[in-house]
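Asks: Sequence:
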Amino acid sequence: MFSFLGASKVVISVLGIALLFLQPVSSTDAHKVQSNAPTFTQVYEAVIPTTFENNIPGPFGGRVLGGWLGGNWTNTATGALAGRVVTGFGGELGLVSNVDNKHYPDISLVVQWADDQKFAFLRMHGIGSVESNGTTTFTLYARMETDSSSRQNLVENFLLASIVLPPPTASSPNVSVGVLQLFAKNN
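Using the working numbering, you'd call the opening residue of the sequence shown number 119 and step up by one each time.
Read the hints as simulated data drawn from the structure, not as lab findings. Small disclaimer: the values here were computed from a predicted structure and weren't measured. Some hints could be false.
Said to hold, decoys possible - Simulated restraints, written as ranges between beta carbons of each label pair: (1) GLU171 / SER215: 18 to 28 Å; (2) ASN154 / GLY176: 37 to 47 Å; (3) ASN304 / PRO175: 38 to 48 Å; (4) HIS149 / VAL293: 47 to 57 Å; (5) ASN172 / HIS149: 21 to 31 Å; (6) GLY180 / LYS150: 43 to 53 Å; (7) ASP233 / ASN305: 26 to 36 Å.
Ideal Cβ positions, reconstructed from N, Cα and C, are used throughout, including at glycine.
Just need the whole structure built from these sequences, with the hints factored in.
Replies: Take a look at the structure:
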């Protein structure tokens with residue numbers, strides 16, 4: 119027995135396919151698209167004594183608790199003291215994963231600039247690893263907030279940071295001195 123319902127479904131399907139073939143196809147030559155890779159310039163280097171209080175075990179790994187014991191920010195272009203890390207604000211609250219043994223840092227710190235006495239807040243997130251000798255290295259995306267008029271270019275820029283944190287020594291089992299390098303995007 120013939121049914122209009124079945125025939126109408128076939129007709130609608132054929133018309134839909136025909137319409138698809140009538141649509142213009144946009145072509146892009148992906149190999150002709152050019153993108154400039156971003157470049158970065160180091161703007162600051164900080165030497166920061168860090169204390170490690172405790173790690174909090176959890177279902178995904180150990181939560182790291184670290185605090186800043188001060189530290190100097192140096193302008194890498196001039197070598198001059200640019201600021202000091204404010205003790206007691208911020209810290210490292212990252213996670214060392216028990217799945218892949220990577221370190222996922224969540225770092226914040228406050229800097230007081232030497233020239234205008236203004237403050238800056240830095241927030242950094244990224245990924246790191248712990249080497250066999252206990253040294254931890256991080257690569258991070260950083261964001262800065264400051265009302266220092268001479269540093270507004272950093273507030274509006276894409277920042278990267280690199281941190282190397284050696285293990286504590288036997289003489290200071292809860293303290294390490296890390297080096298943070300801050301880079302700003304050029305283009």
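Asks: Now look at each hint and say whether the structure bears it out.
Replies: Results of checking the hints against the structure:
| no. | hint | verdict |
| --- | --- | --- |
| 1 | GLU171 / SER215: 18 to 28 Å | holds (20 Å) |
| 2 | ASN154 / GLY176: 37 to 47 Å | holds (42 Å) |
| 3 | ASN304 / PRO175: 38 to 48 Å | holds (42 Å) |
| 4 | HIS149 / VAL293: 47 to 57 Å | holds (53 Å) |
| 5 | ASN172 / HIS149: 21 to 31 Å | violated (53 Å) |
| 6 | GLY180 / LYS150: 43 to 53 Å | holds (49 Å) |
| 7 | ASP233 / ASN305: 26 to 36 Å | holds (27 Å) |
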